[in-house]
Amino acid sequence: MSIEIPTQPIPDHIAEACAWLSAAERYTDGPLEVRLPERLAAGDVLNVLLDVHPPYPPIDTSRPAVPLAEAAPAVVRALEKAIEASGPPEQKLRAARALRQLRQVMR
Amino acid sequence: VSRYEADLERLATQLARMAADPTVASAATDPAAVDRARLAVRQWCRTVLDDVAPVQHVHIAGRPGLADLAHRPISVLRALLGHDPHPFEPYPSLPETPLPGEYAANEQWQNLLGAADVASHEWSSSDPASRPSGEPAWATVADVAAIAEAGALLDRDLAAGHPDKRGAGWTRDGWEIAVAAGEVRQLAASGPLLSATPLRPAPHRLKPVSVRGIDTLAPALASLAAIVAGAKHLGPGTMGALAATHAQTVRTLAGALAATGPPAQGAVRKQLATNLNNHADMLVNVQVAGRPLQSLEPDDPRPALQMREIRGGLRRIGTSGSVQIAFRNDQTSLLRSVGAALAFGPAMSASAYAHIQSGRWLQPTHSDRLGWEKVSPDAPIAEAAMLVRGQAHTLARQIPRPRPTGLRHRAPHELLPRHLLYRDRQRGPSPLLPHAPTFGDPQGGR
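So the sequences go chain by chain: A and B.
Going by the numbering used here, the first sequence opens with residue 83, and the numbers climb by one from there.
Going by the numbering used here, the second sequence opens with residue 19, and the numbers climb by one from there.
Extracted from the complex, chain A is given alone in its bound form (with noise of 0.2 angstroms):
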């Protein structure tokens, strides 16, 4: 029997960051000495983005994995999309607080 849960619909440009992000937290090729700190980093910027209530539905996980340095300038890329798009102020500042922390990392 299915059991039914709410969601808010996930805004585009954090699915696509979200899926970027996915992509390189998924990421277990290469040296561990830089894997692992990326894909720490990856899960991070992805939890800052999926704390919402009510939760957003399964984010897509069929990107292909990648390194974050690939996959960076993609998310930051959305992640101002959704900064400067419509949207509630929770939200902005959400994926600003994400995209704060991604700098951070990557710099």
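Just so you know, nobody snuck in bad clues.
Computed footprint of chain A on chain B, listed as stretches where at least three residues anywhere in the stretch have a Cβ under 8 angstroms from a Cβ of chain A: (1) 22-35; (2) 258-270; (3) 383-390.
Covered by chain B, per the in silico footprint, the following chain A stretches (three or more residues, Cβ under 8 angstroms): (4) 84-96; (5) 109-120; (6) 135-148; (7) 163-169; (8) 173-186.
Treat the hints as calculated values from the structure; they're not laboratory data.
Bear in mind that the values here come from a model prediction, so they are computed numbers and not experimental data.
We put the CB at the ideal spot given by N, CA and C, even for glycine.
For chain A, the structure is supplied; the task is to place chain B on it using the hints.
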């Protein structure tokens, strides 16, 4: 969209632009623009909070502490916002050529001032009857908290970019506001509270083991494992976040293990450090596997509180370099901490198994319309958690023994020679007592 909502969105957009990049706000050199904008944002926050959540306010005497924050988050945030921000101290002497990003930063603060002033004006001139009350007011409280938190981030950026780090104490309340606002945002955005008060553990049992120094890390990590194993309920997302956050601690310990210790143990320690980093990598897999899952029950808050204490304690000690220096002088604590950190995996795995068995974790159904069903026992998260557990058991056996250094209290098993300790434990029945019959005892088997 009302005019006020549009103005609030403009304020949030401007704050988001500045908060998204720590280098933007910090390049400002115009104290008047900076201070007026900071004050305008803070005034907007307290005005709106006073109007939509007046009954939530309880006067807090003196400086609010963490206990106040846990019990009365909105009152604490309001008390902290009650003070005007300390004035921004400009650069002692400005160079003749403009600083990089100076004009852009001053302009951003000017824009923030304009947006905050307009939003305040629109709110104040709106009909009080039109303002949200009751359940809808929580959304406004969440907005206030998010804006207060972003404003505190800008204060932090100003302090980080200031040439005189010692003089940056004027942004201290920004740190406090960021913490309180984060708590209120979580509370306000968590939706309607349950009508019946949920059963909560007694307050004293919520108290995590604090990490005051490197020697208290091992007990805190042991407490984390015990709390996770005994947690009444943890959602799959929370479990995953705990696993990934714990991975950061494991990584810190691996770094300290490789960088310290007697040279004779160098190769062993480096190998163990690599294995610990692998363990951290596998902990991240738990978070990945938990991403699509959901749960309907509220989380037991204790694991997150204990985790926060551990991460906060390590942050207070300093960078990974400072942690390594601290551990260099206290190898016993390091090895104990590694052992205690490895207890998390089995605890988390057991808890995940129990949650899956009880049907409290849900996975999306494979149909056109989004629905949820119980997580199957062979789901990826179960496999990821089991792998972590197996690896933790293997690694726990590889931890080198601490070498006794200096004068300190020693347990009896450290003082007694091994053969004596062994013989003592193997001794037979006391000669003063009658012999108990044992198989193969020619005198006692009558």
